[in-house]
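J.: Chain residues, written in single-letter form:
Protein chains: 2
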Amino acid sequence: MGGGGAGANSGGSPAGARVPVPPARPFLDTFRANLKETFFPDDPFRSVVRERGAARRTLAALRYFFPFLEWAPAYTLGAFRADLVAGITIASLAIPQGISYAKLANLPPILGLYSSFVPPLVYALMGSSKDLAVGTVAVASLLIGSMLGSEVSPTENPALYLHLALTATFFAGVFQASLGLLRLGFIVDFLSHATIVGFMGGAATVVCLQQLKGILGLERFTTSTDVVSVMDSVFSQTHQWRWESVLLGSGFLFFLLVTRFISKRRPKLFWISAAAPLTSVILGSVLVYLTHAENHGIQVIGYLKKGLNPPSVTSLQFSPPYMMLALKTGIITGVIALAEGIAVGRSFAMFKNYNIDGNKEMIAIGTMNIVGSFTSCYLTTGPFSRSAVNYNAGCKTAMSNVVMSLAVMFTLLFLTPLFHYTPLVVLSAIIISAMLGLIDYQGAIHLWQVDKVDFCVCMGAYLGVVFGSVEIGLVVAVSISILRVLLFIARPRTTMLGNVPNTMIYRRMDQYTTAQTVPGVLVLRIDAPIYFTNASYLRERILRWIDEEEERTQGKGEMGVQYVVLDMAVGSIDTSGTSMLDELKKTLERRGMQIVLANPGSEMMKKLDSSKVLELIGHEWIFPTVGEAVSSCDYVLHSHKPGVVMDSAAAHENMV
Amino acid sequence: MGGGGAGANSGGSPAGARVPVPPARPFLDTFRANLKETFFPDDPFRSVVRERGAARRTLAALRYFFPFLEWAPAYTLGAFRADLVAGITIASLAIPQGISYAKLANLPPILGLYSSFVPPLVYALMGSSKDLAVGTVAVASLLIGSMLGSEVSPTENPALYLHLALTATFFAGVFQASLGLLRLGFIVDFLSHATIVGFMGGAATVVCLQQLKGILGLERFTTSTDVVSVMDSVFSQTHQWRWESVLLGSGFLFFLLVTRFISKRRPKLFWISAAAPLTSVILGSVLVYLTHAENHGIQVIGYLKKGLNPPSVTSLQFSPPYMMLALKTGIITGVIALAEGIAVGRSFAMFKNYNIDGNKEMIAIGTMNIVGSFTSCYLTTGPFSRSAVNYNAGCKTAMSNVVMSLAVMFTLLFLTPLFHYTPLVVLSAIIISAMLGLIDYQGAIHLWQVDKVDFCVCMGAYLGVVFGSVEIGLVVAVSISILRVLLFIARPRTTMLGNVPNTMIYRRMDQYTTAQTVPGVLVLRIDAPIYFTNASYLRERILRWIDEEEERTQGKGEMGVQYVVLDMAVGSIDTSGTSMLDELKKTLERRGMQIVLANPGSEMMKKLDSSKVLELIGHEWIFPTVGEAVSSCDYVLHSHKPGVVMDSAAAHENMV
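First to last, the protein sequences are chains A and B. Just so you know, we're using the UniProt record's numbering here: the first sequence kicks off at 1 and counts up by one. Just so you know, we're using the UniProt record's numbering here: the second sequence kicks off at 1 and counts up by one.
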């Protein structure tokens, strides 16, 4: 290379030799820009602001909050036909699932039906997903059951328990809507994919284990959810197992799994698995009715009240001592439910290539739960299984939710007596078959192959849920995830860059075998923002790079390190970072080395300037590219004046 | 640009057109390498491993754990003379400060002297800093006082209180040493510079306010530390203020501040401020002795037992209910003390250009506290003020600690009766004058100028300590700091890159005004690792960039976006990140755009490969530099075959 070599290369200075320091902007401007970038990255009100006139803007704002205003005017008969089919299909799934999941939350079965009536209507008005099918979910139901059940017994005090579940739903809704309104939707992102795989798998395992009670026909059962307690409870009362129950349960489970297998093989036959739960319920009920099996140890649902949702505003509990319990339950289950709903909405939006505004979705889901808590519904969201059926059934808009809601309304008004003889063991079989689909063992294998740490997060969540409790699993997984991010920030990778022969390009020496070191110049790249968590690590690591390089060159009798070029391409720095550079500069100066910075961004230049580090290092030692930085060092070295700070303009003239 | 333009540029392909996928390494190898990089970044055993033979290695290991073996053999009389002066100087500071800080922790004053005798000896053997002067610190003393005092009254149950303080010291030592042994020293780094400025300032303010009791001569005083309670306590009993006490206190405070001012102006006169506290103590004691002021409302220290530290192993409390309190106090105060000790050691090592191994220091500080807790010493570390005096007094090695320790021993054996008449108000003046130096208002101004968020962290810590409690301030500051890191990871900056005319270089368009867009190609740069916390944000942000660019070009009638080039220079990716790229690729494909990656690192290539995203995007769409990536897209565009995937080798031949 050398000065001459650099001169021959046209890829020299991009914007003059100096990296510009951006002009100072008023604090409020910067603050506003940062606020916007943090909380409104998707610029949601673009469509509103673009309109002119108050009336048009109001209409645009209404369209923003009520997306049905957008699709309803152009709604066609063809779309309705598709939504009708999809809506009836998901209703046939919603009814048995609703009853089953309500049992899982230790709530009256009728609540499951109530919850499939009002919330879907709200979502149809406010939701922006075309494929989400609203309903209760197994994991959140289990969580409500275990969290509330730890303090209030659902058998001894069913009224209080019910009121707390509704209050928790209310708080969950308020929390979800607030997250959306405050644009804090990114909190949901802290549940990583790995966390969700492990957590869902663990929750599904736990739910399946709970169903052993129904399948084996046991009357007493542990209230704990961990595998040890459950197994102990199951095997300590083997004499209580009922063969009738086991037979019936296994039979229906087999039937359900076979239909699932068929639908998975041939997606066009989706309706086989979609209709299977309702078929099982009808078959099971008829069977019990005909054989009077309810007198032979087969437990049945029993009496279900006819009629629509009774209002429940006055049942909400806003006074101690139980309010805090409901609040805690609401926030935790709300986040879990939200995470599932948002993820499902996003996935299907991606398939059909439309956009979903996460924060807007949160407002919709939150509102639907608030309204739900006023009308005897417990926590709902967009479950994956039901939405997948909706999607496969060819739904076009949120109208399918309205159809489902009307079908459930019809059931509530006229058909509830039919469920009197439905055996609980069939519900257990339905839950198990739905849960087995949530155990994503292939996802776990994929995690192991791609990223071992993510696999640990996943297993942490899984084992935490299975051997501890749902809450413990969640805490374990979120902690490992966050620790991982912090550890990454605390221990960023630093790599030595080498020159790619005959170019001005510098690349990682461990990756590109042809890259070569430049004598007397050590080029390092830092792969993370320089923050308080890594500032002292980076100082030590950079000094170790220098020591190692000095040892290596001494061994070979080459020129020692005269210049340390840091590739600062990575965005950000804080005051601990600027202090670190300050100290590093002084330390290197004492060792007769010059520190050189390449390619710092505008924000970093601003902070280097305001912290006076720019002055200390010297603006002439900051270059837009690594190539230029090294050429400049190299030029000084080759003119036999190592360590002499030359005028940068002169250096630049010589170079280009 | 165009294909021809690119061909004319010599800065083309660095390592062939393909970015290599690193060969698969056995999991254990990678794991071991990562472990080493995370926990042993400074390669501490280099010197041990390099030696040959068991005997030499043992000696090297001993030298590693007992650094005095390294300097003692070469210790000279000249160095001893310097250490003697420094040691006596810091002893004259240690004696009054020790007594004062013990009062701050509500412990018997004699404990402050004990704590300046044993721990410095241990540190002299094991510590690697040449400048650290060991002793008790104000903030940790206050914390011990407030944490233990909240459950056990030091006046009603002094024996239990003392035993708990010693037990807390033991746990602090064990925790500190474990952090060092487990190489978890980086935990201390989570206390950022801004946190420490705010926290120390707040603690100093609180400590000063507490001294109003002594200065005003009050007998009753609040046990809370927040400013509201203290002010209430002070102004509700104005009739109890003693003018004698106020006069004496203000006089000595003025004297101490003047000496501090002189020493700050002329660092050579450091001994004036170093000797001032002892002078004040002697003057104050003489004054009280002559005027019998102890009978006129001036409180004095009273009887101090002669003799060296009594053993206290049997006093440690390892049984409930108080063990958990001691454990909690020990861990929190241990971390705070450690942070100060490590920071002080590092700062002075930087001045004198030698290295300090943080983890080794932690073992030394931890051991000194464990041994201390066996010999009636409470928590010690390396206080900044005392170490600064040590440094200014010209200390050469840790021998100055030994000299100080011997001077304190002499005091304990013969001079304790002299402190009988020392007025408490002088101790208050000494504490205030030391604390005022800890309120680093210039540091806070610097934070405001450089980084507003850091300033918020700092003020959060300060206000938390002053208006809440020391613990609240600490929790607030650490939470804001960590939230900030997480928010940074959740909202990375994305910027559009433009081509610098006549080069192959691409730079941020908002920073370099000359940079130009290439028609049909959108080049984006992501300023953070792609992690679960930002994956969905990045997907949405990238899509918004594309939408905006499409709108812009449509308005001008230019070519729409055909290629999206992502500059992946930033290091890392996890499974959520690879899924995001997977989804992004599919979404863009549906819109007829091609995704192109530039400059991914080896680790990223490995993960892209194992997650099959590499296959999906196509290895031919991954380039070592942005320049090459754009040239390749440009070539396709200009041969009028947009969207056609061409053979990469052919493209490469055409280009270079």
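Hints should not be assumed to be uniformly reliable.
To be verified - Cut-off 20 Å, straight-line C-alpha distance, at most; resulting in silico cross-link-like pairs (DMTMM-like, lysine to aspartate or glutamate):
{"hint": "1", "chain 1": "A", "residue 1": "36", "chain 2": "B", "residue 2": "527"}
{"hint": "2", "chain 1": "B", "residue 1": "36", "chain 2": "A", "residue 2": "510"}
{"hint": "3", "chain 1": "B", "residue 1": "612", "chain 2": "A", "residue 2": "189"}
{"hint": "4", "chain 1": "B", "residue 1": "352", "chain 2": "A", "residue 2": "582"}
{"hint": "5", "chain 1": "A", "residue 1": "36", "chain 2": "A", "residue 2": "357"}
{"hint": "6", "chain 1": "A", "residue 1": "452", "chain 2": "B", "residue 2": "527"}
{"hint": "7", "chain 1": "B", "residue 1": "452", "chain 2": "A", "residue 2": "603"}
{"hint": "8", "chain 1": "B", "residue 1": "36", "chain 2": "A", "residue 2": "527"}
{"hint": "9", "chain 1": "B", "residue 1": "36", "chain 2": "A", "residue 2": "440"}
{"hint": "10", "chain 1": "B", "residue 1": "352", "chain 2": "A", "residue 2": "589"}
{"hint": "11", "chain 1": "A", "residue 1": "585", "chain 2": "A", "residue 2": "620"}
{"hint": "12", "chain 1": "A", "residue 1": "352", "chain 2": "B", "residue 2": "609"}
{"hint": "13", "chain 1": "A", "residue 1": "36", "chain 2": "B", "residue 2": "547"}
{"hint": "14", "chain 1": "A", "residue 1": "452", "chain 2": "A", "residue 2": "357"}
{"hint": "15", "chain 1": "B", "residue 1": "36", "chain 2": "A", "residue 2": "548"}
{"hint": "16", "chain 1": "A", "residue 1": "452", "chain 2": "B", "residue 2": "609"}
{"hint": "17", "chain 1": "A", "residue 1": "352", "chain 2": "B", "residue 2": "156"}
{"hint": "18", "chain 1": "A", "residue 1": "213", "chain 2": "A", "residue 2": "226"}
{"hint": "19", "chain 1": "B", "residue 1": "586", "chain 2": "B", "residue 2": "558"}
{"hint": "20", "chain 1": "A", "residue 1": "36", "chain 2": "B", "residue 2": "589"}
{"hint": "21", "chain 1": "A", "residue 1": "328", "chain 2": "A", "residue 2": "540"}
{"hint": "22", "chain 1": "B", "residue 1": "352", "chain 2": "A", "residue 2": "547"}
{"hint": "23", "chain 1": "A", "residue 1": "352", "chain 2": "B", "residue 2": "582"}
{"hint": "24", "chain 1": "A", "residue 1": "360", "chain 2": "A", "residue 2": "189"}
{"hint": "25", "chain 1": "B", "residue 1": "585", "chain 2": "B", "residue 2": "548"}
{"hint": "26", "chain 1": "B", "residue 1": "586", "chain 2": "B", "residue 2": "550"}
{"hint": "27", "chain 1": "A", "residue 1": "360", "chain 2": "B", "residue 2": "540"}
{"hint": "28", "chain 1": "A", "residue 1": "352", "chain 2": "B", "residue 2": "589"}
{"hint": "29", "chain 1": "A", "residue 1": "452", "chain 2": "B", "residue 2": "620"}
{"hint": "30", "chain 1": "B", "residue 1": "352", "chain 2": "A", "residue 2": "540"}
{"hint": "31", "chain 1": "A", "residue 1": "586", "chain 2": "A", "residue 2": "558"}
{"hint": "32", "chain 1": "A", "residue 1": "213", "chain 2": "A", "residue 2": "232"}
{"hint": "33", "chain 1": "A", "residue 1": "36", "chain 2": "B", "residue 2": "540"}
{"hint": "34", "chain 1": "B", "residue 1": "452", "chain 2": "A", "residue 2": "609"}
Stated by the list, open to error - Derived list of chain B stretches under chain A, where covered just means 3 residues or more per stretch with a C-beta under 8 Å from a C-beta of chain A:
{"hint": "35", "region": "284-296"}
{"hint": "36", "region": "379-393"}
Hints are computed from structural coordinates only; laboratory data are not their basis. The beta carbon of each residue, even a glycine, is placed where N, CA and C say it ideally should be.
J.: Take the hints in turn and mark each one as holding or not.
T.: A quick look at each hint next to the structure:
1. The straight-line distance between the Cα atoms of residue 36(A) and residue 527(B) is roughly 18 Å, inside the 20 Å bound, and the hint therefore holds.
2. Proposed proximity of residue 36(B) and residue 510(A) is supported: the alpha carbons are some 17 Å apart, at most 20 Å.
3. Taking the CA atoms of residue 612(B) and residue 189(A), the gap is about 23 Å. The hint is violated against a cut of 20 Å.
4. Restraint check for residue 352(B) and residue 582(A): satisfied, since their Cα atoms lie roughly 15 Å apart, inside the 20 Å limit.
5. This hinted pair checks out: residue 36(A) and residue 357(A) have alpha carbons roughly 15 Å apart, not beyond 20 Å.
6. Restraint check: the Cα-Cα separation between residue 452(A) and residue 527(B) comes to about 24 Å, which exceeds 20 Å; the hinted pair is violated.
7. Proximity of residue 452(B) to residue 603(A) is assessed by CA-CA distance (about 13 Å); at most 20 Å being required, the pair is judged to hold.
8. With a CA separation close to 18 Å, the supplied pair residue 36(B) and residue 527(A) stays within the 20 Å bound.
9. Proposed proximity of residue 36(B) and residue 440(A) is contradicted: the alpha carbons are some 33 Å apart, above 20 Å.
10. Simply put, residue 352(B) and residue 589(A) have alpha-carbon atoms about 13 Å apart, close enough for the 20 Å limit, and the pair holds.
11. A hinted pair counts as satisfied when its Cα atoms are at most 20 Å apart, and residue 585(A) with residue 620(A) qualifies at roughly 14 Å.
12. Only pairs whose Cα atoms come within 20 Å are accepted, and residue 352(A) paired with residue 609(B) is rejected, the gap being roughly 27 Å.
13. For the given pair, residue 36(A) sits about 18 Å from residue 547(B) by alpha-carbon distance, which is consistent with the 20 Å threshold.
14. Under the criterion of a C-alpha separation no larger than 20 Å, the hint pairing residue 452(A) with residue 357(A) is inconsistent with the structure, at around 32 Å.
15. As the CA atoms of residue 36(B) and residue 548(A) are separated by approximately 16 Å, the hinted pair is consistent with the 20 Å bound.
16. Restraint check: the Cα-Cα separation between residue 452(A) and residue 609(B) comes to about 15 Å, which is no more than 20 Å; the hinted pair holds.
17. Between residue 352(A) and residue 156(B) the alpha-carbon distance is near 73 Å, which puts this suggested pair outside the 20 Å criterion.
18. In summary, the hint linking residue 213(A) to residue 226(A) is supported, as the alpha carbons are separated by about 14 Å, within the 20 Å threshold.
19. With a C-alpha separation of about 25 Å, the suggested pairing of residue 586(B) with residue 558(B) is violated against the 20 Å cut-off.
20. A C-alpha spacing of about 29 Å is found between residue 36(A) and residue 589(B), which places the hinted pair above 20 Å, so the restraint is violated.
21. With a CA separation close to 44 Å, the supplied pair residue 328(A) and residue 540(A) exceeds the 20 Å bound.
22. Annotation: proposed proximity of residue 352(B) to residue 547(A) holds, straight-line Cα distance about 17 Å (limit 20 Å).
23. The suggested pairing of residue 352(A) with residue 582(B) holds, with an alpha-carbon distance near 15 Å, which does not exceed 20 Å.
24. Taking the CA atoms of residue 360(A) and residue 189(A), the gap is about 15 Å. The hint holds against a cut of 20 Å.
25. At most 20 Å may separate the alpha-carbon atoms for a hinted pair to count; residue 585(B) and residue 548(B) meet this at roughly 19 Å.
26. For the hint linking residue 586(B) to residue 550(B), the alpha-carbon distance of about 18 Å falls within 20 Å, and the restraint holds.
27. With a CA separation close to 14 Å, the supplied pair residue 360(A) and residue 540(B) stays within the 20 Å bound.
28. Taking the CA atoms of residue 352(A) and residue 589(B), the gap is about 13 Å. The hint holds against a cut of 20 Å.
29. With a C-alpha separation of about 27 Å, the suggested pairing of residue 452(A) with residue 620(B) is violated against the 20 Å cut-off.
30. Between the alpha carbons of residue 352(B) and residue 540(A) the distance comes to roughly 16 Å, so the proposed pair stays at or under 20 Å and holds.
31. Annotation: proposed proximity of residue 586(A) to residue 558(A) is violated, straight-line Cα distance about 25 Å (limit 20 Å).
32. Restraint check: the Cα-Cα separation between residue 213(A) and residue 232(A) comes to about 12 Å, which is no more than 20 Å; the hinted pair holds.
33. The suggested pairing of residue 36(A) with residue 540(B) holds, with an alpha-carbon distance near 15 Å, which does not exceed 20 Å.
34. For the hint pairing residue 452(B) with residue 609(A), the CA-to-CA distance comes to about 15 Å; that is within 20 Å, so the pair holds.
35. Requiring three or more residues with a Cβ within less than 8 Å of a Cβ of chain A, the coverage given for the region 284-296 of chain B is violated, as only 0 such residues are present.
36. Residues of the region 379-393 of chain B with a Cβ under 8 Å from some Cβ of chain A number 0, which does not satisfy the need for three, so the listed coverage is violated.
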